[in-house]
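Line order of the protein sequences matches chains X and U. Residue 311 in our numbering sits at position 311 of the first sequence, with consecutive numbering throughout. Residue 171 in our numbering sits at position 171 of the second sequence, with consecutive numbering throughout.
These are calculated hints, taken from the structure and not from any lab test. Everything numeric in this text was worked out from a predicted model, so none of it was measured. A virtual CB, placed ideally from N, CA and C, is assigned to each residue, including glycine. One or more of the hints may lead you astray.
To be verified - Calculated lysine-lysine pairs in the DSS-like style (CA-CA distance at most 27 angstroms, straight line): (1) X:Lys-110 x U:Lys-5; (2) X:Lys-68 x X:Lys-213; (3) U:Lys-163 x X:Lys-115; (4) X:Lys-228 x X:Lys-247; (5) X:Lys-72 x U:Lys-226; (6) X:Lys-115 x U:Lys-73; (7) X:Lys-131 x U:Lys-9.
As the list claims (entries may be wrong) - Each pair of labels, with its calculated beta carbon distance range: (8) U:Leu-317 x X:Asn-300: 56 to 64 angstroms; (9) U:Phe-272 x X:Lys-110: 38 to 46 angstroms; (10) U:Leu-284 x X:Ser-74: 54 to 62 angstroms; (11) X:Asn-236 x U:Gly-234: 57 to 65 angstroms.
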Amino acid sequence: MAETVVKITNLVKRYKELIALDNFSMEIQKGEVFGLLGPNGSGKTTTINCLLTLLSYDNGEIELFGEKMTSKRSDLKARIGVVPQQVAVFDELTVYDNIDFFCGLYIKDKETRKKYVEDAIEFVGLQEFKKFYPKKLSGGLLRRLNIACGIAHKPELIIFDEPTVAVDPQSRNRILEGISRLNEQGATIIYTTHYMEEVEQLCSRILIMDHGKKIAIGTKDELKGMIKNTESVIVNAHGLTQDFIEKVRALNHVYDVSYRDDTLTVKCSGGKHNIVHVVDCFADNEVKYQQIYSILPTLNEVFLEITGKQLRDNE
Amino acid sequence: MQVFKMFFKIQKKYMIPAIIFFAMGILMIVVNYEFLIKNSTSSMKDFQTMKMPIHLTDEDHSTVSDYFVDYLKKYHNVDDKTYTKDVLTDRLYYEDISSIITIPAGFGEAFLSGETGECPQIQSVVDEGIAHGQMLNLELQSYLSSMYAFYHSGMELSEAAAKAEETQRSENYVTIVDEIKEDGTTQSHNTQSVGGILFLFIPYVIMSCVFGSLLSAVLSFNETEKKKRENASGYATWKRSLTLAFGSLVFALFFFLMYVVVLAIFCGSEAFTKMWFLMVLNLLVYTIATVMMMAFIAVIPLKASVLSSIVSTVVSLGFAFLGGIFVPLSQLGEGVKAIGRFLPTYWYATAVDALDKGKGFMDVLPYYGIQLLFGAACLAIGMALSKASERAH
């Protein structure tokens with residue numbers, strides 16, 4: 001049985017009248033890349049801050065590596081790496097010195113630290129920029145430095161709080177690849193974001209939260225299985241009659257059909273291969289179409305169906 | 001150790017303002033030493049005569065008037081050209097000349113005869129509003145009266161003229177001996193010690209060094225996100241705060257020591273005396289209080305460079321002016337003094353003043369205490385605000 005790295009039980013955090021975390025519970029197993037997905041203000045960062053004891057909480061319990069986490073447990077804190085959402089580095093120090101400083105908060109031995117810092121620099125690909133000051137780095141390189149500062153001490157649990165916000169696609173891919181590599185090397189990852197594509201690409205298990213509550217948890221397939229829609233068939237066709245649309249609606253597994261701007265959207269449940277039946281229906285009725293394709297549901301649709309709102313409605 | 005080391009690496013980036021303020025302090029010491037101290041301790045010719053522009057008309061042309069004209073030409077700038085009355089009035093108005101002097105006909109004869117028993121008058125027109133003209137009149141009347149007296153006491157005219165000239169031109173040494181205070185007591189001006197002058201303005205430069213340079217480094221450490229990152233690590237918050245406080249103190253004490261060395265050199269024979277050590281102790285107390293004050297200012301959530309430049313200018317200058325650093329306490333108004341009493345600079349200056357008057361350790365101990373209390377109060381408020389701000393985040 002896998003070791004439980006994080007266990008949060010019935011966590012409650014209030015800011016006066018506002019309930020930021022409402023009896024929130026979750027468990028993360030060793031070796032997981034755990035995605036914490038939710039819109040802005042859903043409670044992701046509050047959860048992380050409580051986990052790191054940066055915030056006190058009103059009720060509940062947090063266990064890390066099987067032990068109760070308190071603000072005085074520096075031994076437990078030393079096993080965690082944090083990559084905050086905002087770049088938190090010293091403008092006055094070089095890339096090397098920044099990583100050395102943050103690594104030095106955990107690693108006292110000079111020789112070990114030197115090796116760890118070099119490893120971190122190599123890991124994020126900043127070898128050529130060691131002596132650069134942060135102000136001379138591009139946004140993407142700065143994010144990489146931010147990551148290096150959080151992982152240099154080789155933590156067992158790494159928390160990434162929206163590390164790809166305002167990052168160019170090339171740097172974003174590099175960051176995501178890096179996170180996968182860290183996981184392959186044995187680190188357990190908590191990844192908070194509101195970019196569902198990243199979560200889909202990266203995470204082995206995902207928790208969707210909103211208003212401080214757990215909405216759903218599972219693998220991406222499990223989450224997608226929780227909703228009615230399993231496939232959407234999109235057909236570009238001109239002048240479809242209402243009779244024909246009704247025939248499509250009568251097909252097996254079809255639960256919703258809409259026709260707008262010469263585009264027919266057929267929503268199906270129960271399986272991924274409904275496109276065949278739709279193609280057959282067009283052929284049997286000798287109706288022509290320009291294009292037909294199938295879309296599998298995204299986590300955004302999962303979120304939309306569960307909560308009734310878009311994941312990135314604040315953006 | 002890692003935080004301590006990095007603190008100084010960061011501090012190094014903000015050294016330029018500190019070096020500038022330090023150099024400014026040295027310059028102030030040198031200037032004060034050269035112009036206030038060196039000059040006040042040697043014999044000084046405080047006042048010097050000056051040549052005045054005069055328009056002269058000699059209607060007498062006697063031997064007496066010749067001597068007088070010679071005297072005027074020797075010690076003043078004499079213009080004896082002929083002008084209309086209007087032109088002369090204009091020249092007087094625009095201060096091209098200080099006086100219009102006319103030696104009337106018969107002046108020499110009346111001078112030599114001595115019939116009236118008094119020196120005859122010359123005619124003089126001056127601008128009543130300008131002191132120069134009045135002073136010139138007094139000088140010329142004095143010269144003529146002396147010459148008249150010497151001549152009628154039996155001297156030859158040439159001898160009387162020479163003697164009167166000598167009397168007028170003897171150098172005047174002016175020394176202001178005492179200042180009479182409101183309570184009737186007097187204070188000698190020339191008894192202020194070198195230390196009393198040089199130690200007085202060091203708080204301003206120490207404060208500027210601390211606020212203009214050290215504050216930037218501390219603010220950089222205090223940025224919320226970095227602080228969060230440090231708090232998330234196993235590094236204890238109290239250790240971090242203690243390290244920053246120790247680093248700040250080391251930095252401030254470095255500048256304190258540098259000034260102590262410089263002051264020891266400039267104070268000469270006064271250095272290493274009891275009074276000098278008490279002044280050094282006063283400066284040390286003030287330096288510690290300043291570092292404590294910084295803990296309060298470092299909580300203000302502003303950008304490091306903006307805050308430190310505002311604080312180093314406004315607070316340092318404000319504290320210096322209100323606390324009697326730039327203007328002696330005796331010359332401050334009661335209102336300013338009332339505000340100043342709430343500032344450590346005031347108590348620093350009061351201690352310097354007391355030590356300068358020969359008071360001892362026990363007399364100035366309360367002033368040291370008030371400075372430290374001020375610092376401690378700032379530190380406590382700063383810590384409380386910092387805690388509240390962390391909670392709010």
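Structure-based check of each hint:
1. Between X:Lys-110 and U:Lys-5 the CA atoms are separated by roughly 13 angstroms; this keeps the pair inside 27 angstroms, and the hint holds.
2. For a cut-off of 27 angstroms, the pair hint linking X:Lys-68 to X:Lys-213 stands: about 22 angstroms separates their Cα positions.
3. With a CA separation close to 96 angstroms, the supplied pair U:Lys-163 and X:Lys-115 exceeds the 27 angstroms bound.
4. For a cut-off of 27 angstroms, the pair hint linking X:Lys-228 to X:Lys-247 stands: about 21 angstroms separates their Cα positions.
5. This hinted pair checks out: X:Lys-72 and U:Lys-226 have alpha carbons roughly 19 angstroms apart, not beyond 27 angstroms.
6. For the proposed pair X:Lys-115 and U:Lys-73, the alpha carbon gap of about 91 angstroms is over 27 angstroms, so the pair is violated.
7. Restraint check for X:Lys-131 and U:Lys-9: satisfied, since their Cα atoms lie roughly 14 angstroms apart, inside the 27 angstroms limit.
8. A C-beta distance of roughly 58 angstroms is found between U:Leu-317 and X:Asn-300, which places it inside the suggested range of 56 to 64 angstroms.
9. The hint said 38 to 46 angstroms for the Cβ distance between U:Phe-272 and X:Lys-110, and at roughly 43 angstroms that hint holds.
10. Hint check: U:Leu-284 to X:Ser-74, Cβ distance near 36 angstroms, so the stated range 54 to 62 angstroms is violated.
11. Between X:Asn-236 and U:Gly-234 the CB atoms are about 59 angstroms apart, so this pair conforms to the stated range of 57 to 65 angstroms.
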